[in-house]
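Number of protein chains: 2
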Amino acid sequence: MISQKYKEMLSAKSVIRQMSEWAVGRAKEIGSENVFDFSLGNPSVAVPQAFTDKMIALLQERDTMELHGYSQSQGIPSVRLKFAEFLNRTYGMDYTAEHLFMTTGAAGAVAHAIRAVTQPGDEVITFAPFFPEYNHYVNQTGAVLKVVPADTKQFQIHFEEFEKLLNPKTMAVLVNTPNNPSGIVYSTETIKKLAQLLEAKQKEYGHDIFLISDEPYRDIIFGGVEAPYVSKYYDNSLSCYSFAKSLSIPGERLGYIAANPNCTDSTLISPMCAQISRGIGHNCPPSIIQIAVAEVLGLTSELSVYETNMNIIYDTLVQLGFEVVKPGGTFYIFPRALEKDSVAFCKKAMNYDLVLVPGDTFGCPGYFRMAYCIETEKVERAMPALRKFVAQEYGVR
Amino acid sequence: MISQKYKEMLSAKSVIRQMSEWAVGRAKEIGSENVFDFSLGNPSVAVPQAFTDKMIALLQERDTMELHGYSQSQGIPSVRLKFAEFLNRTYGMDYTAEHLFMTTGAAGAVAHAIRAVTQPGDEVITFAPFFPEYNHYVNQTGAVLKVVPADTKQFQIHFEEFEKLLNPKTMAVLVNTPNNPSGIVYSTETIKKLAQLLEAKQKEYGHDIFLISDEPYRDIIFGGVEAPYVSKYYDNSLSCYSFAKSLSIPGERLGYIAANPNCTDSTLISPMCAQISRGIGHNCPPSIIQIAVAEVLGLTSELSVYETNMNIIYDTLVQLGFEVVKPGGTFYIFPRALEKDSVAFCKKAMNYDLVLVPGDTFGCPGYFRMAYCIETEKVERAMPALRKFVAQEYGVR
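Listed in order, the protein sequences are those of chains A and B.
Quick note, the first sequence lines up with residues 0 to 396 if you use numbering that gives the first Met the number 0.
Quick note, the second sequence lines up with residues 0 to 396 if you use numbering that gives the first Met the number 0.
FYI, nobody ran anything at the bench for these hints, they're computed from the structure.
Note that the Cβ used here is the ideal one computed from N, Cα and C, for glycine as well.
Some clues are possibly wrong.
[Claimed, not checked] Reference listing, derived: stretches of chain A covered by chain B, where coverage requires no fewer than 3 residues with Cβ under 8 Å from a Cβ of chain B:
1) 250–261
2) 312–318
3) 376–385
[What the hints assert, rightly or not] Within a straight-line C-alpha distance of at most 27 Å, the following computed DSS-like cross-link-like pairs (lysine-lysine) qualify:
4) B:Lys339 with A:Lys81
5) A:Lys202 with B:Lys6
6) B:Lys231 with B:Lys168
7) B:Lys168 with A:Lys4
Work out the full structure: start from the sequences and follow the hints.
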């Protein structure tokens, strides 16, 4: 009999998706070049040619049974080893292949990590503003997501509010740096303070608290910004990564969990994740993508366009007097709306063919997100529309 | 805190995996050519050149952002349409793209289908012998798997035993034809009788009972065997398919669910499955594989080797007096062991470097499975080992 639970979920459409669908409809009326769609976080720079070349070479040269064969349930062993070695070189860690579990993107990584370190009824804490899919990743496990209100001054961590939420049922904390939607990178100071607090609470409660670090934007860092590797500062850490943004291959679904070698049961996390996969039936990301990515580790798309776009938007916002914290990475910016009701603000923007996403959907009302993973030329053309919008609606020039 | 549930699952290793690991170890001692490993169901014929050519052409010609971009959460719309049209041409169905949901293999398809049509506490019935991963697909949803004992005469359905298990809590029935491990194809008569019984029970209980049809071996049918399309005979049917076996690409994780256009909420099943994916964080099979497979629909690997292998083994088994039903498809055969304890039987076979899997793991003790997806030359060389084994251990010549 049809599941009422999933049927009812159909009526609650994602706000981001709704905005994006409106943009598609509007594009049919006035041409897509005239709709300034800042709603979706899709990479907008080409896949590196070296990745494409590697894929073609694998298809031409490798035995097809090996190339397209079943990977082991934790991922292809040689790929896991290469990923571990790369992380060790890059971040000074001590991973072995045993600590790595291949996932279908960061989404699969975070959802698996939560299952591995919580049980139904446990609490998972995250920090606003946050990626709204976290609600689904956590709730479907039977655990409960608790949200720390945003530090709207710097979009680091509001530790005072965080301490209020910590309690013996807290089994995991979920962070996302560089952050979607704020674009902010957590400072070393923030991460050290977080680690100290969690260590103290582990002692106080007498159980582990895992830090799940969602890092799909780890390679999109703007000039001069320091981006500490979270797992470096806290033993019970699980790093969740995806190649979606760094290689512009979101559709190929490749990511991983790297369990800190010093965490509890560090070599059991990966085989436990394989057991989790068994139950949901998805078993491993695609073999050819695992193999190809392992051969181009460290390579990224030409990501500098995101910083160029950010600067254009940030400068305009500052000129217009917006309250906004300068992003340190990602392809998002999260300014304060010009009225308290950010949904109303974003609706008015649609009259100027500007598609913005209200902060409410990220647990931070009163703000709005712009995803600037679009052509720079279009970002430039959008600025007059933004100026016109705030001038006509709010008298801001 | 580490999940005890998944940690405990680590100690319960799959029997098939254990046998396969033993075979790998033994191969290191005596050379892999001397180990007759019939344990694993991995395709053994090359990927068709036309598929490889198509992949290369896509990589050379398509815009990389389009080729590797996010697919919609139900799968790429144009791919879903092509799959629907192919099924309509091949089986005389009336699918539209709306009825199709792209999955990561048949595993993802079956696991999603169960979530879509059951709630925790509901019962799902399947038929021995059955693929042991069904336990995981069902149990992780909170539903309960009930197993109908095998019809060991023909390995069709034991309807008398099936009727005993049907009750108002039965919300889904899971079939697998052509069958792993028996190799048997359900006859039209079996499927018609199953459909009639389920229709009567739907009326009696006043609710839908969905028929989930797991069909990864649908294209491996031996000469002269009729293989009816299950969904043709029962409206509330969900067909679960995978390209793993037909194209020899198990590692690329592509399959689908096709919801019968006449089933309850037929166009809601696919979007509901997208909601299920959100919660487990896996979201869609790889884009490039979706696109490439859609362009070679109907193409298969050179599958005839499996029938050749089957005939060699079947003839030998019959000569030796084994009780065995001739497979109609797949790359499995499921004879009765020469002693009641089929685990003991398979252990003795290991002394002859024959790796067989006891039927206990498929819910059918006293039988054993041979997976003959290996080179024909090796199958031929294995027959003297089989003869020697049964002669020395059981005096059978």
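- Query: Which numbered conditions among the earlier hints are violated in the structure presented, ordered from lowest to highest?
  - Reply: Per hint list: 2, 3 and 4 violated.
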